[in-house]
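All chains should be built: construct the whole structure from the sequences, respecting the hints.
Keeping their order, the protein sequence lines are chains A and B. Counted the way my numbering counts, the first sequence spans residues 124 to 233. Counted the way my numbering counts, the second sequence spans residues 12 to 122.
Hint data in this document are derived by calculation from the structure and do not stem from the laboratory. Misleading hints may appear alongside valid ones.
[Unchecked claim] Straight line, CA to CA, 27 Å or less: simulated DSSO-like cross-link-like pairs of lysine-lysine:
(1) B:K20 <-> B:K33
(2) B:K26 <-> B:K84
(3) A:K165 <-> B:K20
(4) B:K20 <-> B:K68
(5) B:K68 <-> A:K165
(6) B:K26 <-> B:K68
(7) B:K68 <-> B:K33
(8) B:K84 <-> A:K180
(9) B:K20 <-> B:K84
(10) A:K165 <-> B:K84
(11) A:K206 <-> A:K165
(12) A:K180 <-> A:K206
(13) A:K165 <-> B:K76
(14) B:K20 <-> B:K76
(15) A:K165 <-> A:K201
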Amino acid sequence: EPEVTQTPSHQVTQMGQEVILRCVPISNHLYFYWYRQILGQKVEFLVSFYNNEISEKSEIFDDQFSVERPDGSNFTLKIRSTKLEDSAMYFCASNWYGYTFGSGTRLTVV
Amino acid sequence: AQRVTQPEKLLSVFKGAPVELKCNYSYSGSPELFWYVQYSRQRLQLLLRHISRESIKGFTADLNKGETSFHLKKPFAQEEDSAMYYCALSGEIQGAQKLVFGQGTRLTINP
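And the structure:
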């Protein structure tokens with residue numbers, strides 16, 4: 124069964140540093156997403172991406188965040204200057220008549 | 012506003028007992044409802060979607076528009092059902108389908 128692959132599984136970064144979280148969605152899917160889950164809280168929508176542009180973003184997805192699909196296979200989430208409160212599990216997902224989630228990247232900002 | 016409420020953070024039942032995980036939603040239109048399951052240290056997996064009306068691993072869920080509920084049920088719990096369960100809503104049947112999740116219910120099945 125096709126999978127959404129996320130790397131790395133765990134990333135530790137210092138506050139103020141830039142991080143890039145990577146995802147390889149399922150190849151024939153057309154919609155791509157990032158969600159996050161702060162420890163002990165609900166899964167929250169960050170952004171959706173379709174046809175090489177952002178289709179919707181939440182209020183969490185401020186100017187510090189950006190997404191790219193640089194080469195037709197990878198889908199990345201960049202946080203420019205990480206804050207302590209960015210520490211969370213970040214899930215990538217792709218969708219075409221059904222969602223598939225990746226296994227997540229645990230981001231720890233110290 | 013779209014909102015999903017799962018009133019129970021924790022639910023513990025004995026093996027063989029019936030299970031019901033509650034989910035209520037708030038949405039002005041006709042949403043699509045889902046149940047996702049997350050086993051320990053694994054990814055979120057789709058368990059059910061209301062439009063498919065199928066039973067997966069013995070679980071069923073009926074959309075009750077009058078009560079705005081989508082409770083998940085299983086008549087006889089098994090130990091392997093222990094997991095985190097999330098109810099989710101989408102305002103679109105297809106397309107971008109942003110998901111709004113509830114807080115989740117941790118289900119523990121005791122032997």
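Structure versus earlier hints - violations, ascending order: 8
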